[in-house]
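**Student:** These are the residues of each chain, in order.
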Amino acid sequence: MIAAVASLSEPFWLSLRVTAIATVVASVLGIGFAYVLAKGRFRGRSLVEAIVTLPIVLPPTVLGYYLLTLLGVRSPIGQAFQRLTGSALVFTPRAAVIAATISALPYVIRAARAAIENVDERCEAAMRVAGHSEFGVARLVTLPLAKRGLGAGIALGFARALGDFGATVMIAGNIPGKTQTLPIAVYDAVQSGESAAARNGALILLSTAVVVLLIVTALTSRGNGEHA
Amino acid sequence: MRSISAVNRSRFTACVMATIATSLVLSGCGTTDASSGANRATREIVVGAASDLRPAFTKVAADFTSASGIRVTLSFGGSGQLKRQIEDGAPIDVFASADRALVENLVDQGLAQQSSLYTYGYVSLALVTAQGIAPASSISALSGAEYRRIAIANPAIAPYGRAARQAIDRTTAGSEIVDKLVLAENVADALRLVESGDVDAAIVATSLTKSTLPPFSLTTSEVSTSLYDAIPQAVAITAINDQSKLNARAFVEFLKGPSGKMTMQAYGFRP
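Sequence lines, in order, name chains U and E. This note's numbering numbers the first residue of the first sequence as 1 and each following residue consecutively. This note's numbering numbers the first residue of the second sequence as 229 and each following residue consecutively.
Any given hint could turn out to be false.
[Said to hold, decoys possible] Residues from chain U that face chain E, not an exhaustive set, calculated with beta carbons under 10 Å:
no.	residue
1	GLY72
2	ARG74
3	GLY78
4	SER87
5	LEU89
6	VAL90
7	THR92
8	ILE175
9	GLN180
10	PRO183
11	ILE204
[To be verified] Pulled from the structure, derived: some chain U residues nowhere near chain E, Cβ distances all over 12 Å:
no.	residue
12	SER46
13	VAL57
14	PRO60
15	LEU71
16	VAL73
17	ALA95
18	GLU117
19	ASN118
20	ASP120
21	CYS123
22	VAL141
23	ILE171
24	THR208
25	VAL211
26	LEU214
27	THR220
These are calculated hints, taken from the structure and not from any lab test. If you're wondering where the values come from, they're calculated on a predicted model, not measured in any experiment. The beta carbon of each residue, even a glycine, is placed where N, CA and C say it ideally should be.
Whole structure, please, built from the sequences with the hints as guidance.
**Tutor:** This is the structure in structure tokens:
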């Protein structure tokens, strides 16, 4: 039991670090994309929307395959990265962050976009009349009024980033202490018959998911009450 | 209005760039790459090993670390999967494959050292029966009605699966057994299926049935070696930087040495 907990501490902290960074990146990018998709009127908007939503519907293995093709050591991006930093991009903690970020992104975008579109346009119009720039309107009115929806999106993105398995295992591998995140450690423990580690790891992931979903429900149900 | 939104867009772009840059820097720090950080690299190697090696290599690695002070990180997976990862630049310093041909292919590609190539054993199959099921003593017995589902590793990607399929095909009632096959991702996964009782029997690696880590209580019997071709299994150095190559060399030498050989033999591997 103690050995099982000890063997999980490394994947646990790695997962937490990877997920934290991925959540921050996915939140900034996601809210940016959501804002552009909600407010922007440009050609190809549906295409952009379809592309950023892809990670929800694509099998994680397909996502992993394309990421490996795009970022691997034989790809232009992978080679450029290796020239700049001296180390490969794939099969490192960075790759785990990339997989988690891309998995989380569409969840942030969808929730944030709905929240931004729900903000009363009259408030925004009033701010424009008062002389504020679009950036000012977004910062002072739109985003603060949408904060519950943004919070829900970030929470969902966090849960998705924490739980990613398929894409992570394909582009980051299963290297204990380097790229073995908690979901991969659970898989590894199941494969090796370490049932205590498998059970505890699964329990940590399950309880985190429940807590996140409770937060999301609280944010979205009270949010709707305000708008009604 | 047009100029405002242009400013807006460029701020957004700048913000996106800054975030990506920051995250790549952040995700790099506090974590170790085998290829960077000479200090860490002097005391550490990553060994990518086929899943049938889990019990044996866990012991070999622990003994090696106490003898040499070099830390070993073991990454287990299917041999084909690990080979692909090495081709894609995974920081694996030693590759221990369940099939020598995969290592030779890496040597041909210049991704593994020819001089370090060492055959540590041959594929050896064992038949495992689930708890509560009448033990099967040979593969031909698997055609019996009490064995409804039988797991083997996927022959397309796993050497143990290939050998198991060959053994089934060379058995008289082979075609009846083929209809009951469940293909597992690798040989460890096949064993897991029979341990959980999801299948009634499995053809796995002998080395996995000799594990003492989780007490192994299932009934096993050796599969006659006349039923499948001998598949040699090999290890080679795949490290890129010089320090890792030295550490990897030390590991391979340890595996070949008396202590490594004794452990490998205890798990059924013979060079």
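**Student:** Does each hint hold? Answer for all of them.
**Tutor:** Comparing the hints with the structure gives:
1. Using the Cβ-Cβ criterion of 10 Å, the hint placing GLY72/U at the interface with chain E is satisfied: the shortest such distance is roughly 5 Å.
2. Taking 10 Å as the C-beta cut-off, the interface hint given for ARG74/U holds, the closest approach to chain E being about 8 Å.
3. Checking GLY78/U against chain E by beta carbon gives a least distance of about 7 Å; that is within 10 Å, so the hint holds.
4. For SER87/U, the suggested interface contact is upheld, since its CB lies about 5 Å from the closest CB of chain E, less than 10 Å.
5. The criterion of a C-beta within 10 Å of any C-beta in chain E is met by LEU89/U, whose closest approach is roughly 8 Å, and the hint holds.
6. The criterion of a C-beta within 10 Å of any C-beta in chain E is met by VAL90/U, whose closest approach is roughly 6 Å, and the hint holds.
7. For THR92/U, the interface hint holds, since its Cβ comes within 10 Å of a Cβ in chain E; the closest pair sits about 6 Å apart.
8. For ILE175/U, the interface hint holds, the least distance from its beta-carbon to any beta-carbon of chain E being 5 Å, beneath 10 Å.
9. Taking 10 Å as the C-beta contact cut-off toward chain E, the hint placing GLN180/U at the interface holds, the least distance being around 8 Å.
10. Contact between PRO183/U and chain E, as hinted, is not supported at the beta carbon level, the nearest pair being about 15 Å apart and thus beyond 10 Å.
11. A cut of 10 Å between beta carbons decides the hint on ILE204/U: the least distance to chain E is about 21 Å, and the hint is violated.
12. With a least CB separation of 19 Å from chain E, SER46/U remains clear of the 12 Å interface cut-off, as annotated.
13. The claim that VAL57/U lies off the interface holds: its Cβ sits roughly 24 Å from the closest Cβ of chain E, which is beyond the 12 Å cut-off.
14. Look at PRO60/U: its CB is around 15 Å from the nearest CB on chain E, clear of 12 Å, so calling it non-interface holds up.
15. With a closest Cβ-Cβ approach of about 9 Å to chain E, LEU71/U is found to fall inside the 12 Å limit, against its non-interface label.
16. With a least beta-carbon separation of about 3 Å from chain E, VAL73/U fails to lie farther than 12 Å from that chain, contradicting its non-interface assignment.
17. Its closest Cβ contact with chain E, about 9 Å, brings ALA95/U to no more than 12 Å, contrary to its assignment away from the interface.
18. GLU117/U, annotated as away from the interface, keeps every beta carbon of chain E farther than 12 Å; the closest lies near 18 Å.
19. Residue placement check: ASN118/U keeps its beta carbon more than 12 Å from all beta carbons of chain E (closest about 21 Å).
20. Residue placement check: ASP120/U keeps its beta carbon more than 12 Å from all beta carbons of chain E (closest about 20 Å).
21. The non-interface label for CYS123/U is consistent with chain E: the shortest C-beta to C-beta separation is roughly 18 Å, beyond 12 Å.
22. Interface exclusion of VAL141/U from chain E stands, the closest Cβ pair being 14 Å apart, more than 12 Å.
23. Not every C-beta of chain E lies more than 12 Å from that of ILE171/U, the closest at about 8 Å, which undercuts listing it as non-interface.
24. No beta-carbon of chain E is positioned within 12 Å of the beta-carbon of THR208/U; the least distance is around 20 Å.
25. For VAL211/U, the shortest C-beta to C-beta distance to chain E comes to about 25 Å, beyond the 12 Å cut-off, and the non-interface label holds.
26. Every CB of chain E is more than 12 Å from the CB of LEU214/U (nearest about 28 Å), matching its label as outside the interface.
27. In this structure THR220/U is separated from chain E by more than 12 Å, as the shortest Cβ-Cβ distance comes to about 26 Å.
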